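Please construct the entire structure, taking both the sequences and the accompanying hints into account.
These are the residues of each chain, in order.
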Amino acid sequence: MNEARRAFLKWAATIGSLFSGALVGLPTLRAFLSPAFRPPATKRWIKAGEVDQIEMGVPTRLDFAETVNDAWVETRALRGVWIYTEDGTEFIVYNGQCTHLGCSYAFDSVAKRFECPCHHGFFDLKSGAVLDGPPPRPLDRLETKVENGVLYVAYQTFRAGISEQIPVA
Amino acid sequence: MLKAVFEWLDTRLGLRALKSVLLDREVPDRLTWWHTLGSATLAVFMVQVVTGIVLATYYSASPDHAYNSIEYIQQQVAGGSLLRGIHHWAASAMVILILAHMIRVFSMGAYKYPREINWLLGVGLFVLVMGFSFTGYLLPWDQKAYWATAVGTSIAGTTPIVGSGLVTILRGGGELGAATLSRFYAFHVLWLPGALGLIVAVHLALVVKQGIAPRPRALEEGAPPRTDDPAYPEYYRGAYAATKSTGTRFYPDIVGKDIIVATLVVVVIVLLAYLRGAPLEPPANPTDTAYVPTPEWYFLPLYQLLKLVPGSLESVVAVGIPTILMVTLIALPLFDRRSTRNLLHRPIAMAGLGVILGGAGFLLGSALREEGPDAVVAEVGRPLTSVERAGRALYQSQKCSDCHTIAGVGSDKAPDLSEIGLHHSAAWIHSFVEAPTRFRSDTTEMPTFGPPTLSHTEIEELAQYLASLRGKAAPGVRAEFHDTFPSVPPR
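Just so you know, the sequences run in chain order C and Y.
My numbering puts the first residue of the first sequence at 140, with every later residue one more than the last.
My numbering puts the first residue of the second sequence at 60, with every later residue one more than the last.
No lab work stands behind these hints, which were simulated from the structure alone.
For clarity, every value in this text was computed on a predicted model and none was experimentally measured.
Even glycine gets a Cβ: it sits at the ideal position worked out from N, Cα and C.
Please note that the accuracy of each hint is not assured.
Stated by the list, open to error - Lysine-lysine pairs mimicking DSSO-like chemistry, simulated, CA-CA at most 27 Å apart:
#, chain 1, residue 1, chain 2, residue 2
1, Y, 316, C, 149
2, Y, 316, Y, 78
3, C, 182, C, 265
4, C, 284, C, 251
5, Y, 472, Y, 458
6, C, 265, C, 251
7, Y, 78, C, 149
8, C, 284, C, 182
9, Y, 78, Y, 62
10, C, 284, C, 186
11, C, 265, C, 284
12, C, 149, Y, 62
13, C, 186, C, 265
14, C, 149, Y, 458
15, Y, 303, C, 149
To be verified - Just so you have them, the derived chain C footprint on chain Y, three or more residues with Cβ under 8 Å:
#, segment
16, 109-118
17, 223-231
Stated by the list, open to error - Computed from the model, here is a short list of chain Y residues facing chain C with C-beta under 10 Å:
#, residue
18, 123
19, 127
20, 131
21, 132
22, 141
23, 143
24, 145
25, 311
26, 312
27, 314
28, 315
29, 316
30, 328
31, 332
32, 336
33, 455
Here's what the structure looks like:
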């Protein structure tokens, strides 16, 4: 077999396998990595309750179910927030997930602070600041609004474990 | 640095020795382009593995979610519809290529001594590929999936003696449902790939061990007439060695051609996927009586054959013909021991191949012609209910056909009603017939049929009849409903 033909076939084998590999491989890889390209979920206004029913001076845990499109399944997801108000007009609402690794945290009514049981993270009641422990950032504060005596919360989830507050897709 | 890493690996794994066995081996000279079909099939199989794995990461094998997860792939996954398109078209390509490869091996007599076992393994691979097709197209759980599988498993159920057991095992129960989908999925992604991978490995190992079969002529001159002649192996060794004397090497002489063909095939697949995508019909609806199921094209010859034979012979044809074909394929290398290899020197083989290909081609052709978009089935293919029959009588007595057409009968002054059931519900039709001006103020031609012209009972009968008209939509056309009722209540 002549050498020129052989050199061409070598070249064709290399180029051909790289080309067809890329032709199939790249769309496949793109589809596999697709979740990383999704835009973050937008915030949803959740009805938290009547303003005059919310106790003053003590944080209240509000759990609610939300209908979400979880990939191809429409389902109900359980969410939780902490609501705190001193005067019934100014509301502080935190996302119920600890900023460390996403556990649900509780309120310590003796020490007047939030405590995450997973890794002993402690947060200030009014500012959400980290008092002690491993959490990388303060509690995630959510936007609120009051309309016709009803408190609404803009629910959003943020990525745990990092110091920046980045919404989850 | 790279060289050092290679040396380190080579002393442990023997890479050089492996290369000389696999790539530098000498092969027969002047192999044809037809010899590239096997490796092209392998390339497409690798495409299926790669795309299939990613499709599986987004797929949910339950009747409640399967269809939605496919829609999710099509609409939400980046490049998901292209990915699904590649998997769909590659499936067809694989059937074509494996058939072409088999025809090549058959025509060149390459299944004869010493490659009988590799032919049998190849037949096994063919069966597995058909298994992949059959299990794969249930997975989207759309109309085609549901009905083709209902029909396909029912055919298996007509097998004498074992039929009822077979259909229950295939479906995982008496009827098509969650158990069927789950087990088809397991077959498609676990059983079949495992079996196929294993057989492909042995198939290829044998090709390496026995060498590629040369062109037929090289093994015919001076050959003993039969391969079971004691002198034949000796003759074969000599003749085969002679074909390798010119120093043609597997790499790059063969590999280069293989990859050129495989690349062309991949380009065509991706192009089709990009331009045509993969079809997705409406979700499976077990109560739909208007749907005409047609299988994938490679099952069409059998499907068409079933239409031609009387019912009493159905199981004989549906189960018998594939069985006879399989038995023939298996028996072929074991009983055909004449040493002639060129198809032109084997009249019986040539005639057999001609009959099978001609017959399958004819059936495929006639099935495809029948599928044409203007084949209108006017009524639903079931007996009309008494209410619908009363409606049909009213359609005639009210002379609707003076303006409208159903299945080509009537006048073209007003819209064709052959498919109205695909677009409007009986309730909508009732409202419209009762007072057309409610919907369109410009409808001047269509008379008002509300009382006293017709009673509400009569209008309902007419509406039921019209809603049953679902002229077969062109393939790929979705039934779209346009029912919007006027917001202003009637006077």
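**Request:** Go through the hint on residue 312 of chain Y and say holds or violated, using the shortest Cβ distance to chain C against 10 Å.
**Result:** holds (6 Å)
**Message:** Need the status of pair residue 149 of chain C, residue 458 of chain Y: alpha-carbon distance at most 27 Å?
**Reply:** Violated - the C-alpha atoms of residue 458 of chain Y and residue 149 of chain C are around 76 Å apart, more than 27 Å.
**Evaluation of the interface hint that places residue 314 of chain Y against chain C, nearest CB under 10 Å** = holds (5 Å)
**Message:** Please verify whether residue 265 of chain C and residue 284 of chain C have alpha carbons no more than 27 Å apart.
**Reply:** holds (18 Å)
**Request:** Classify the hint on residue 145 of chain Y as holds or violated, based on whether any CB of chain C lies nearer than 10 Å to its CB.
**Result:** holds (6 Å)
**Asked** Given the hint that residue 284 of chain C pairs with residue 186 of chain C, does the C-alpha gap stay at or below 27 Å?
**Response** holds (10 Å)
**Pair hint residue 186 of chain C and residue 265 of chain C, alpha-carbon separation not exceeding 27 Å** = Since the Cα atoms of residue 186 of chain C and residue 265 of chain C sit roughly 22 Å apart, the hinted pair holds (cutoff 27 Å).
**Request:** Test coverage of the segment 109-118 of chain Y by chain C using CB-CB distances below 8 Å; three residues minimum.
**Result:** Held - the segment 109-118 of chain Y has 5 residues with a Cβ nearer than 8 Å to chain C, which meets the minimum of three.
**Prompt:** Under the criterion that the straight-line Cα-Cα distance not exceed 27 Å, is the pair residue 472 of chain Y, residue 458 of chain Y satisfied?
**Reply:** holds (13 Å)
**Prompt:** Holds or violated: residue 149 of chain C with residue 62 of chain Y, Cα cutoff 27 Å?
**Reply:** holds (21 Å)
**Request:** Assess, step by step, whether the Cα of residue 316 of chain Y is no farther than 27 Å from the Cα of residue 78 of chain Y, and give holds or violated.
**Result:** With a Cα-Cα distance of about 19 Å, the restraint between residue 316 of chain Y and residue 78 of chain Y holds, given a limit of 27 Å.
**Item:** Hint validity - residue 315 of chain Y Cβ closer than 10 Å to any chain C Cβ
**Value:** holds (3 Å)
Going down the numbered hints, you'll see the structure goes against 14, 17, 32, 33, while the others check out.
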